[in-house]
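Next come the chains, spelled out residue by residue.
Number of protein chains: 2
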Amino acid sequence: MDIVIIGGVAAGAKAAAKAKRVQPEANVKIYTEDTHVSYSSCGLPYYIEGNFEDYKTLLVRSVEEFAASGIDVYLKSRVEKILPVQKDILIARDTDAEVVKYDKLIIATGANAIVPEIKGIHKYENIYTLRKIEDGINIRKKMLESSTVTIIGSGYIGLELLEAFVKNGLRVNVIESNKKIMGGFDDDISDLIRKRLESSSIGNFEFFTNEEVVEITGENKEAKIIRTSSGKEIETDMIVLCTGVKPNIKIAQDAGIEIGQTGAIKVNKLMHTSIEDIYACGDCAEKRHIVSGRPVWIPLGSTANKEGRCAAMNAAGEYCEFEGVLGSTVTRCLNTTMSKTGLTEEEAKEVGFSPISALVLKTDRVAYMPEAGDITLKVVADKVTGLLLGGQAIGAVGADKRINTLTSALLGHLTVEAFNNNDLTYAPPYSTTIDPLLNAMQILTAKMRKIRQN
Amino acid sequence: MDIVIIGGVAAGAKAAAKAKRVQPEANVKIYTEDTHVSYSSCGLPYYIEGNFEDYKTLLVRSVEEFAASGIDVYLKSRVEKILPVQKDILIARDTDAEVVKYDKLIIATGANAIVPEIKGIHKYENIYTLRKIEDGINIRKKMLESSTVTIIGSGYIGLELLEAFVKNGLRVNVIESNKKIMGGFDDDISDLIRKRLESSSIGNFEFFTNEEVVEITGENKEAKIIRTSSGKEIETDMIVLCTGVKPNIKIAQDAGIEIGQTGAIKVNKLMHTSIEDIYACGDCAEKRHIVSGRPVWIPLGSTANKEGRCAAMNAAGEYCEFEGVLGSTVTRCLNTTMSKTGLTEEEAKEVGFSPISALVLKTDRVAYMPEAGDITLKVVADKVTGLLLGGQAIGAVGADKRINTLTSALLGHLTVEAFNNNDLTYAPPYSTTIDPLLNAMQILTAKMRKIRQN
Numbered sequence: 001m002d003i004v005i006i007g008g009v010a011a012g013a014k015a016a017a018k019a020k021r022v023q024p025e026a027n028v029k030i031y032t033e034d035t036h037v038s039y040s041s042c043g044l045p046y047y048i049e050g051n052f053e054d055y056k057t058l059l060v061r062s063v064e065e066f067a068a069s070g071i072d073v074y075l076k077s078r079v080e081k082i083l084p085v086q087k088d089i090l091i092a093r094d095t096d097a098e099v100v101k102y103d104k105l106i107i108a109t110g111a112n113a114i115v116p117e118i119k120g121i122h123k124y125e126n127i128y129t130l131r132k133i134e135d136g137i138n139i140r141k142k143m144l145e146s147s148t149v150t151i152i153g154s155g156y157i158g159l160e161l162l163e164a165f166v167k168n169g170l171r172v173n174v175i176e177s178n179k180k181i182m183g184g185f186d187d188d189i190s191d192l193i194r195k196r197l198e199s200s201s202i203g204n205f206e207f208f209t210n211e212e213v214v215e216i217t218g219e220n221k222e223a224k225i226i227r228t229s230s231g232k233e234i235e236t237d238m239i240v241l242c243t244g245v246k247p248n249i250k251i252a253q254d255a256g257i258e259i260g261q262t263g264a265i266k267v268n269k270l271m272h273t274s275i276e277d278i279y280a281c282g283d284c285a286e287k288r289h290i291v292s293g294r295p296v297w298i299p300l301g302s303t304a305n306k307e308g309r310c311a312a313m314n315a316a317g318e319y320c321e322f323e324g325v326l327g328s329t330v331t332r333c334l335n336t337t338m339s340k341t342g343l344t345e346e347e348a349k350e351v352g353f354s355p356i357s358a359l360v361l362k363t364d365r366v367a368y369m370p371e372a373g374d375i376t377l378k379v380v381a382d383k384v385t386g387l388l389l390g391g392q393a394i395g396a397v398g399a400d401k402r403i404n405t406l407t408s409a410l411l412g413h414l415t416v417e418a419f420n421n422n423d424l425t426y427a428p429p430y431s432t433t434i435d436p437l438l439n440a441m442q443i444l445t446a447k448m449r450k451i452r453q454n
Numbered sequence: 001m002d003i004v005i006i007g008g009v010a011a012g013a014k015a016a017a018k019a020k021r022v023q024p025e026a027n028v029k030i031y032t033e034d035t036h037v038s039y040s041s042c043g044l045p046y047y048i049e050g051n052f053e054d055y056k057t058l059l060v061r062s063v064e065e066f067a068a069s070g071i072d073v074y075l076k077s078r079v080e081k082i083l084p085v086q087k088d089i090l091i092a093r094d095t096d097a098e099v100v101k102y103d104k105l106i107i108a109t110g111a112n113a114i115v116p117e118i119k120g121i122h123k124y125e126n127i128y129t130l131r132k133i134e135d136g137i138n139i140r141k142k143m144l145e146s147s148t149v150t151i152i153g154s155g156y157i158g159l160e161l162l163e164a165f166v167k168n169g170l171r172v173n174v175i176e177s178n179k180k181i182m183g184g185f186d187d188d189i190s191d192l193i194r195k196r197l198e199s200s201s202i203g204n205f206e207f208f209t210n211e212e213v214v215e216i217t218g219e220n221k222e223a224k225i226i227r228t229s230s231g232k233e234i235e236t237d238m239i240v241l242c243t244g245v246k247p248n249i250k251i252a253q254d255a256g257i258e259i260g261q262t263g264a265i266k267v268n269k270l271m272h273t274s275i276e277d278i279y280a281c282g283d284c285a286e287k288r289h290i291v292s293g294r295p296v297w298i299p300l301g302s303t304a305n306k307e308g309r310c311a312a313m314n315a316a317g318e319y320c321e322f323e324g325v326l327g328s329t330v331t332r333c334l335n336t337t338m339s340k341t342g343l344t345e346e347e348a349k350e351v352g353f354s355p356i357s358a359l360v361l362k363t364d365r366v367a368y369m370p371e372a373g374d375i376t377l378k379v380v381a382d383k384v385t386g387l388l389l390g391g392q393a394i395g396a397v398g399a400d401k402r403i404n405t406l407t408s409a410l411l412g413h414l415t416v417e418a419f420n421n422n423d424l425t426y427a428p429p430y431s432t433t434i435d436p437l438l439n440a441m442q443i444l445t446a447k448m449r450k451i452r453q454n
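Line by line, the protein sequences are chains R and A.
Per my numbering, residue 1 is the first one in the first sequence, and the count goes up by one each step.
Per my numbering, residue 1 is the first one in the second sequence, and the count goes up by one each step.
This is chain R alone, in the form it adopts within the complex:
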């Protein structure tokens, strides 16, 4: 039995390892156009920052380790075409080509960075995106010889790089076309994030929101000036594009595999595509949102791992259902933790809930403890049913803890009323007697009580 996997970063690498464990006598092969396999791309900003010296730290499993467990990895091997009738894939390399047969095919082609159509953007060598190991190496190298950097986009990667760059002493400009930074959060939380970051004593940086980049100019293949929609001219030694990603679906689409309404490969709960014996997982695959029940595309390394495992189990003859995602994220920038799960208030409205929310600003543990920090927590629920819909938390410490506590509640479809009974741990070094989460629930309970009385 040939189990062939296209792509080998997170979902693909996980799928290969799991398939071999479930079905030890199967031939498990990974084909990837990448120069590396099985690495933590989420760790690249921390490599750039200098938390560790050697980029090899990011490699989870080497080609040799895969080989030792009986898995063949083919690097720099681009899959040109999937032929579902023959159950073949066509591989192209720099010097040769190959036809490979499969019994089960797992597509884990990931996502690509979006390069926005800006005048001059393709002219210069000091403009980067960050997806692969080489990108990280190149950005770090250039960073070490630069004094100013411009990040276009203010989402997760943008802010993670902001931290990496300011910690290396660079002056950082962040240009964002949206009116707010960290667009995935509700406006009120996003405003607080900006205020917190701007009041940080660390780093030399500036946010330019509501600004489109109109043109990039420079000389000798080096971009130097960024012109924005309001007429600003920003000088820079290097540019990093953090303007989002799109699913890499071309070969799937060419093979006639159904693409979902989000633009990613449509799969069922078994991670199976519309064509028999072909699975998809990770950033190239569409997901179901557990709270809204709707198809979404939220590409994350943690999800890729779960989906890779699940796809492999089903391909290799075991059974696994993947229920979907909650859109849970966390990141850090300049001592501010930003985390969320489920639906924002805005998203909840869009999908037809009647959201209400509670915003709590507290210390994350009893205020008399020396290590106490602040936490701002927003919890969103449906005012008709009381169903919990999501939460957002930012703060010095402890924000991610509250969000993970919410994820289990969302997974279990708990209501606010039910959550009031939650027996969260308490001791002065760890939380307030009434945890900020329970506080938020009590506010929501009171709000709903009022609505019902009217």
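Think of the hints as simulated: they come from the structure by calculation, not from any bench.
It is possible that part of the hints are untrue.
Since copy identity is lost for identical chains, a pair holds within one copy or between any two.
[To be verified] Dumping the calculated DSS-like pairs for lysine-lysine here, alpha-carbon to alpha-carbon at most 27 Å:
no.: 1; residue 1: Lys142; residue 2: Lys132
no.: 2; residue 1: Lys450; residue 2: Lys269
no.: 3; residue 1: Lys450; residue 2: Lys20
no.: 4; residue 1: Lys246; residue 2: Lys349
no.: 5; residue 1: Lys269; residue 2: Lys383
no.: 6; residue 1: Lys383; residue 2: Lys141
no.: 7; residue 1: Lys195; residue 2: Lys180
no.: 8; residue 1: Lys224; residue 2: Lys269
no.: 9; residue 1: Lys447; residue 2: Lys20
Fit chain A to the known structure of chain R by using the hints.
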């Protein structure tokens, strides 16, 4: 309407505040034999340690603040008797007595420290228990003039005081009659706690397990020597008894209120006792365990707050149900976090489940992050149904986060299979790609699969 509350630390203080808010025109009165009202007794070890100078930091709400919101607090006022037929209570003070009528009565008499029957124990003034503000003040004062201290008992308070004392430079002996320390954890976890603590470079301390204290001797009202069952003679400058607490139920029992099988006051989900218009909440009240469905007595400040709120709402004419507890706890000793929720493997067996468990030892975040620490996590499930039963976590950091994530899952009665889909937040500074919790669930899933195949 007279809402009368007996006791004013956590449950009582909360009940008073909530009752007044729900029913502003009610007369709300607190009677307590204590010299203080509304304070964080969980914070006493941190006061003793010296995290803050003034014990008043522990006071949540003063008598004056209660008065300002229309609540009368009567300190040093011992309730001698409840007369349910007349709906009166009898108060005794140093200089006078009083009969007070009630329409609704809330009993929040808390728990008392157990003083074990040891020869000589009542003879000396340097033997302490820790429950009230005065206890904290006295222990701190004595600590500052001592060089050796002996703690009898190695539960939460015992280990919190161990940290407080070693940080103040004292030599600490901990004597435990049980064969393990932190008896609330399973043996394997308790062993790991002991190993972690004993390998700590901080502090000068020793555990003596499996040792009963047989006799305490000394001179001039000062205990000096502790003789143990194995014949050891331990010299000490002071002794703190951390040998547990028992619910303070005397006046309830005398009034004919039903006492539960755990020895605490029996209440229903409305926190109502067996006698009309009398509620009980906090450490004096029995609780229902959400996982086992059985009555338990787990006295905790966080629970006291929830129960106080709930009792007050019902007494004041609103409606509130309290579902019960999970036995969630957390504490810290010498940089080790110890946390648990739900049933231990041992407890699960006792109440009739067929537990299996997974033990995971991992870094709590990606190992290449400089702040990564270790975490040991044990998750317990029922092998027949897959129902999650509980978890225990210890480690340098991040242990409490995993336990709170489990509490919501236990509250929602999730199975291991369902939890596999949990979309926990991931970024290198916060967790591993596959969180230790998900890792444990995968191990449990595989174990259950094997059992089902056989």
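Verification of the supplied hints:
no.	hint	result
1	Lys142 <-> Lys132	within (16 Å within a copy, 61 Å between copies)
2	Lys450 <-> Lys269	between (40 Å within a copy, 23 Å between copies)
3	Lys450 <-> Lys20	between (57 Å within a copy, 18 Å between copies)
4	Lys246 <-> Lys349	within (25 Å within a copy, 50 Å between copies)
5	Lys269 <-> Lys383	between (30 Å within a copy, 24 Å between copies)
6	Lys383 <-> Lys141	neither (52 Å within a copy, 53 Å between copies)
7	Lys195 <-> Lys180	within (11 Å within a copy, 50 Å between copies)
8	Lys224 <-> Lys269	neither (48 Å within a copy, 69 Å between copies)
9	Lys447 <-> Lys20	between (53 Å within a copy, 18 Å between copies)
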